[in-house]
Amino acid sequence: MRFDSLADSVGRTPLVGLPRLSPSPEVRLWAKLEQDNPTGSIKDRAALWMIADGEKRGLLTPGATVLEPTSGNTGISLAMVCRQRGYRLVCVMPENTSVERRQLLRMWGAEIRYSPAAGGSNEAVAVAKRLAAENPDWVMLYQYGNPANAQAHYETTGPEILEDLPEITHFVAGLGTTGTLMGTGRYLKERVPGIAIVAAEPRYGELVYGLRNIDEGFVPELYDPSVLTSRYSVGPKEALRRTRELVQEEGIFAGISTGAILHAALGQADRAVREGRPAEIALIVCDGGWKYLSTGAYAGTLEEAEAALEGQLWA
Amino acid sequence: MAVQVRVPTILRTHTGGAKLVEGAGATVADLFRDLDTRYSGLRGRLVTGDDGAELHRFVNIYVNDEDVRFLGGLDAKLQDGDEVTILPAVAGGAG
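As they're listed, the protein sequences go chains A and B. Our numbering numbers the first residue of the first sequence as 1 and each following residue consecutively. Our numbering numbers the first residue of the second sequence as 1 and each following residue consecutively.
If you're looking for bench data, these hints aren't it; they were derived computationally from the structure. It is possible that some hints are incorrect.
As a list, the in silico SDA-like pairs of lysine to any residue whose alpha-carbon atoms are at most 25 Å apart [unchecked claim]: (1) A:K237 - B:V21; (2) A:K189 - A:S226; (3) A:K189 - B:V21; (4) B:K19 - A:P14; (5) B:K19 - A:D215; (6) A:K129 - A:A117; (7) A:K129 - A:E216; (8) A:K129 - B:D36; (9) B:K19 - A:E303.
So here's chain A without its partners, still in its complex pose:
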């Protein structure tokens, strides 16, 4: 396949079967390999769409400064697109994210401002909003509330999956900004009657939920619960166990958030088997495991790996 530039090659990722993890020939799992995107994660789709939308609406002009709260992948994707198009990028990132993510951001030319570990991405959002107020000429794309994030998945991820798996019964993805689930979920629900749209949400260590007050909580503006059928909270132990199973059984080396998604997908598969119903379950592999090697996720016992993740934003 030939493309005019790297950014033009975003999307059209493979959907591969998971024959060893699928419980039966009637209940099958399919993995959408988003690590095949140019910077190695699903966030390339949202980044490209948000930048293109900002340009179309005249917000982004040559030499503009883009600002974004991100725990890593969105920042890396934005950095790639911004570098190509000549924008400066400032990322606000919690300090408890993996060292690889920071190195990658710098490599692609992004500036990093850190937010405190306690409070996780909540704090990154708060710091970014403060910076946006102080620098009115900067453009905050704001992935949590930018409709172009969900639209990227409505226009690409959804159609790609339906084309490759017209018999789909379940779609399972991670819940962060909610963009993947809102966009893909809406597209599939409009076309596949009765499809289940299932969210897997990472459950972090206590530090991340260290709000001073419940009213400081955060629900992304993009989130519309009516798109979802169910939503699961997946802790680090299950996420790590499934991440390892995915590489051991199917040879897919994925990041830890994918383990959480696989855990929720296998739960749906088990239910289908119990109820004697066929199922074709598509799940998202968000990124590869490379950026998480330093977290210890792939070495030692599960207990050791879980202990090493305590306090980390692993998804």
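For this one, chain A is given, so just place chain B on it according to the hints.
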């Protein structure tokens, strides 16, 4: 109808610092009323609206890791041995 309830740091002022407490109830709403008899003020932090009929916007409740908002909300049924997790809604996650 005993269930285990995991309480987040921010709400442990109501449980004397306890991270894991036991409660009872046929539904999540019943459970909250039961917990409030021993952990005064806890229910008021979790629900809003007239008579506490709604779950607080920034509170997520999971029964055996499934979000109760997709199981009937406060009317979600509980069974003996269920694990209930209370968490504040925060930003994070892939996707």
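Has the given pair, K19 (chain B) with P14 (chain A), been kept, meaning a C-alpha gap of at most 25 Å?
-> This hinted pair is violated, its Cα atoms lying about 44 Å apart.
CA of K237 (chain A) to CA of V21 (chain B), is that 25 Å or under?
-> holds, 22 Å
Is K189 (chain A) within 25 Å of S226 (chain A), Cα to Cα?
-> holds, 11 Å
Would you mind confirming whether the straight-line C-alpha gap from K129 (chain A) to E216 (chain A) stays at or under 25 Å?
-> holds, 14 Å
Assess, step by step, whether the Cα of K19 (chain B) is no farther than 25 Å from the Cα of E303 (chain A), and give holds or violated.
-> Answer holds: K19 (chain B) to E303 (chain A) is near 20 Å, not above 25 Å.
Do the alpha carbons of K129 (chain A) and D36 (chain B) lie within 25 Å of each other, as the hint requires?
-> Status violated; Cα separation ~37 Å.
Distance restraint between K189 (chain A) and V21 (chain B), which requires alpha-carbon spacing of 25 Å or less = Violated, at roughly 40 Å.
Is the Cα-Cα distance between K129 (chain A) and A117 (chain A) 25 Å or less?
-> holds, 17 Å
Given the hinted pair K19 (chain B) and D215 (chain A), is their alpha-carbon gap at most 25 Å?
-> holds, 21 Å
Violated hints for the displayed structure, listed by number in ascending order: 3, 4, 8.
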